[in-house]
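With chain A fixed as given, assemble chain B onto it according to the hints.
Chains as they are written, first to last, in the numbering used here: chain A, 3 to 124; chain B, 3 to 124.
Just so you know, not all the hints are guaranteed correct.
Since copy identity is lost for identical chains, a pair holds within one copy or between any two.
In the SDA-like style, the derived pairs of lysine to any residue whose C-alpha atoms are separated by at most 25 Å in a straight line are [stated by the list, open to error]:
#1 Lys-107 - Pro-39
#2 Lys-79 - Arg-98
#3 Lys-52 - Ser-8
#4 Lys-52 - Thr-9
#5 Lys-52 - Arg-72
#6 Lys-79 - Tyr-102
#7 Lys-79 - Ser-8
#8 Lys-79 - Ala-100
#9 Lys-79 - Asp-16
#10 Lys-52 - Phe-91
#11 Lys-79 - Arg-49
#12 Lys-107 - Asp-82
#13 Lys-107 - Asp-5
#14 Lys-52 - Thr-75
#15 Lys-107 - Glu-93
#16 Lys-107 - Ser-61
#17 Lys-107 - Ala-27
#18 Lys-79 - Leu-103
#19 Lys-52 - Trp-92
For the record, the hints were derived by calculation from the structure and aren't laboratory data.
2 protein chains.
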Amino acid sequence: MTDPLSTTLSALADPTRRAILARLAQGEATVNELAEPFEISLPAVSRHLKVLERAGLISRGRAAQWRPCRIETDSLKAVDDWLSVYRRFWEQSFDRMAAYLEEIKEGKTKEGKGDERAKKNR
Amino acid sequence: MTDPLSTTLSALADPTRRAILARLAQGEATVNELAEPFEISLPAVSRHLKVLERAGLISRGRAAQWRPCRIETDSLKAVDDWLSVYRRFWEQSFDRMAAYLEEIKEGKTKEGKGDERAKKNR
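Bound-form chain A, shown alone (with noise of 0.2 Å):
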């Protein structure tokens, strides 16, 4: 049995579902509408559907042929809070050029403090 993150990033790793996430986080679509912009089939883009499902990425209404898709964020939030902890990586190597900048910063400081202790030593 696959574990839930395993799903949802495996979902994930496609671009069209990725688009098809896309287009819904901008509000409920039904599969007419989500196929539109794509040049593949309407049973590819069912079978696109049924992968994110699975995935819990979304979710579609009861009504038989309307079925609005929806996307449903908790999986999306689980791959968040897994990446959260290699956040620090940038985040550090971010922090590490402010750093530095400041130092530059403190550096030309330092430099016009010795300019101004020289002039007084004229």
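For chain B alone, coordinates are given in the frame of chain A:
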């Protein structure tokens, strides 16, 4: 050809590969060190490492026998960037909760004020 983000997400869609990444987040490790906590063979670990390397999630040292693995976080940051569009969903719901709590607090304050007015009108 698979796009880079799909390759990354697909590589992450496996609990053993995510566990390997979690280990490497602590520091470099050799294949033997990585294999230790898992009940899988060295060749199986090597296969997982190849998938992670192809996805740009790890890199490996040059020394032929040693070849320590290290985490590379640019691809993870790309996932983080992709997720940022969706983050508003759970941050919004958090904001809504905060607003609701604020409303309750204000409601209480108003009630309090109402009581005071009632007192004055007595």
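> Checked against the structure, which of the hints given earlier come out wrong?
Replying inline: Checked against the structure, the hints that fail are numbers 1, 12, 13, 16, 17, while the rest are satisfied.
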